[in-house]
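Same order as they appear, the protein sequences are chains A and B.
Residue numbering for the first sequence follows the numbering used here, beginning at 1 and increasing consecutively.
Residue numbering for the second sequence follows the numbering used here, beginning at 1001 and increasing consecutively.
Calculated from the structure, these hints are not laboratory results.
Each residue gets a CB set at the ideal place from its N, CA and C atoms; glycine is no exception.
Careful, some of the hints might be misleading.
Across the chosen pairs, the derived CB separations fall in these ranges [as the list claims (entries may be wrong)]: (1) B:N1001 to A:D39: 31 to 41 Å; (2) A:R66 to B:Q1017: 39 to 49 Å; (3) B:R1108 to A:S68: 37 to 47 Å; (4) B:D1026 to A:P10: 42 to 52 Å; (5) B:T1110 to A:K42: 12 to 22 Å; (6) A:N27 to B:S1018: 29 to 39 Å; (7) B:Q1017 to A:G58: 43 to 53 Å; (8) B:T1007 to A:D39: 19 to 29 Å.
With a straight-line cut-off of 25 Å between C-alpha atoms, the simulated SDA-like cross-links for lysine to any residue are [as the list claims (entries may be wrong)]: (9) A:K42 to A:N65; (10) A:K42 to B:I1054; (11) B:K1044 to A:P113; (12) A:K42 to B:D1026; (13) A:K42 to B:T1024; (14) B:K1009 to A:F11; (15) B:K1014 to B:D1026; (16) A:K42 to B:S1096; (17) A:K42 to B:I1012; (18) A:K42 to B:G1042; (19) A:K100 to B:I1054; (20) A:K45 to B:T1005; (21) A:K2 to B:Q1037; (22) B:K1009 to A:S83; (23) A:K2 to B:M1041; (24) A:K45 to A:T110; (25) A:K100 to B:S1069; (26) A:K45 to B:Y1102; (27) A:K42 to B:M1027; (28) B:K1057 to B:R1108; (29) A:K100 to B:P1061; (30) A:K100 to B:I1012; (31) A:K100 to B:T1070.
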Amino acid sequence: RKEVEQDPGPFNVPEGATVAFNCTYSNSASQSFFWYRQDCRKEPKLLMSVYSSGNEDGRFTAQLNRASQYISLLIRDSKLSDSATYLCVVNLAGGTSYGKLTFGQGTILTVHP
Amino acid sequence: NAGVTQTPKFRILKIGQSMTLQCTQDMNHNYMYWYRQDPGMGLKLIYYSVGAGITDKGEVPNGYNVSRSTTEDFPLRLELAAPSQTSVYFCASASSGVNEQYFGPGTRLTVT
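Next comes chain A alone, as it looks inside the complex:
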């Protein structure tokens, strides 16, 4: 089983749509969680951290379910500029894994007019 698993998509949605991405992680000792965004041929950039209580940043909402080892990202009112690859990222943060992030393969989103 992969340490961090995402549905690779691609997701093709019209502008204004709501889209949800899911991610599962295998190590129950994981301590911190993030969603990154990567545009084509660019570096990954932090979209948002994910907290146990859930958190929202404008049109983006992230949820964490530690019991199910599941992370989600909801994008409301999609814009053309949201087209990118979304990376689920987990920090195992224990023992020899301290300080290392584990990246999912990424979910490709294309928003069309």
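Let chain A serve as the given structure and place chain B on it in line with the hints.
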């Protein structure tokens, strides 16, 4: 505040050549990382460092070496380049082992 900078942006190497990829950060971060990303694939950790003078191997260290003589700089050395090292290389830094990482713009390397 430039964040994480990398040089060069692009490089073409012949098989067997060597080169150093430069990475500098101005955020006074202790943690620094080198990743490679092959087309259509996720990021794989090559080496990382938790502070000046301390480095450790990641998932795919073979064919690479690193050093960390200062907090700011974390160069990646490729010895005897091989076609399998054709990739995009990203450097990243973080203030701690549990915080988010900030990435440089990447170096696109082709080995022919």
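Outcome of the hint check:
1. Between N1001 (chain B) and D39 (chain A) the beta carbon distance is about 21 Å. The supplied range of 31 to 41 Å is therefore violated.
2. The given range of 39 to 49 Å is respected by R66 (chain A) and Q1017 (chain B), whose C-beta atoms sit roughly 48 Å from each other.
3. Take R1108 (chain B) and S68 (chain A): their Cβ atoms lie about 39 Å apart, and the range 37 to 47 Å holds.
4. A hinted range of 42 to 52 Å is violated for the C-beta pair D1026 (chain B) and P10 (chain A), which are about 36 Å apart.
5. The hint said 12 to 22 Å for the Cβ distance between T1110 (chain B) and K42 (chain A), and at roughly 18 Å that hint holds.
6. Restraint check, N27 (chain A) to S1018 (chain B): a C-beta distance of roughly 37 Å satisfies the suggested window 29 to 39 Å.
7. Between Q1017 (chain B) and G58 (chain A) the C-beta distance comes to about 47 Å, which sits within the given range of 43 to 53 Å.
8. For T1007 (chain B) and D39 (chain A), the Cβ-Cβ distance of about 21 Å falls inside the hinted range of 19 to 29 Å, so the restraint holds.
9. The suggested pairing of K42 (chain A) with N65 (chain A) is violated, with an alpha-carbon distance near 30 Å, which exceeds 25 Å.
10. Among the hinted pairs, K42 (chain A) with I1054 (chain B) is inconsistent with the structure: their alpha-carbon atoms are about 28 Å apart, more than 25 Å.
11. Under the criterion of a C-alpha separation no larger than 25 Å, the hint pairing K1044 (chain B) with P113 (chain A) is inconsistent with the structure, at around 34 Å.
12. For the proposed pair K42 (chain A) and D1026 (chain B), the alpha carbon gap of about 20 Å is at most 25 Å, so the pair holds.
13. Restraint check for K42 (chain A) and T1024 (chain B): the C-alpha separation of about 18 Å stays at or below 25 Å, so the hint holds.
14. Between the alpha carbons of K1009 (chain B) and F11 (chain A) the distance comes to roughly 30 Å, so the proposed pair goes past 25 Å and is violated.
15. Restraint check for K1014 (chain B) and D1026 (chain B): the C-alpha separation of about 32 Å exceeds 25 Å, so the hint is violated.
16. At most 25 Å may separate the alpha-carbon atoms for a hinted pair to count; K42 (chain A) and S1096 (chain B) meet this at roughly 24 Å.
17. The suggested pairing of K42 (chain A) with I1012 (chain B) holds, with an alpha-carbon distance near 19 Å, which does not exceed 25 Å.
18. Annotation: proposed proximity of K42 (chain A) to G1042 (chain B) holds, straight-line Cα distance about 13 Å (limit 25 Å).
19. Between K100 (chain A) and I1054 (chain B) the alpha-carbon distance is near 15 Å, which keeps this suggested pair within the 25 Å criterion.
20. Between the alpha carbons of K45 (chain A) and T1005 (chain B) the distance comes to roughly 14 Å, so the proposed pair stays at or under 25 Å and holds.
21. A threshold of 25 Å between alpha carbons decides the hint, and for K2 (chain A) with Q1037 (chain B) the separation of about 17 Å falls inside it, so the pair holds.
22. For the hint linking K1009 (chain B) to S83 (chain A), the alpha-carbon distance of about 24 Å falls within 25 Å, and the restraint holds.
23. Distance check on the hinted pair: K2 (chain A) and M1041 (chain B) sit about 14 Å apart at the alpha-carbon level, within 25 Å; holds.
24. Pair hint K45 (chain A) plus T110 (chain A) holds up; C-alpha atoms about 18 Å apart against a cutoff of 25 Å.
25. For the suggested pair K100 (chain A) and S1069 (chain B), the alpha carbons sit about 21 Å apart, so the restraint of at most 25 Å is met.
26. Between K45 (chain A) and Y1102 (chain B) the alpha-carbon distance is near 7 Å, which keeps this suggested pair within the 25 Å criterion.
27. Distance hint between K42 (chain A) and M1027 (chain B) is fulfilled; the C-alpha atoms sit about 21 Å from each other, no more than 25 Å.
28. Of the pairs offered as hints, the one joining K1057 (chain B) and R1108 (chain B) holds, with about 22 Å between alpha carbons and a cut-off of 25 Å not exceeded.
29. Proposed proximity of K100 (chain A) and P1061 (chain B) is supported: the alpha carbons are some 14 Å apart, at most 25 Å.
30. For the given pair, K100 (chain A) sits about 29 Å from I1012 (chain B) by alpha-carbon distance, which is inconsistent with the 25 Å threshold.
31. For the proposed pair K100 (chain A) and T1070 (chain B), the alpha carbon gap of about 20 Å is at most 25 Å, so the pair holds.
Hints 1, 4, 9, 10, 11, 14, 15, 30 from the earlier list are contradicted by this structure; the remaining hints agree with it.
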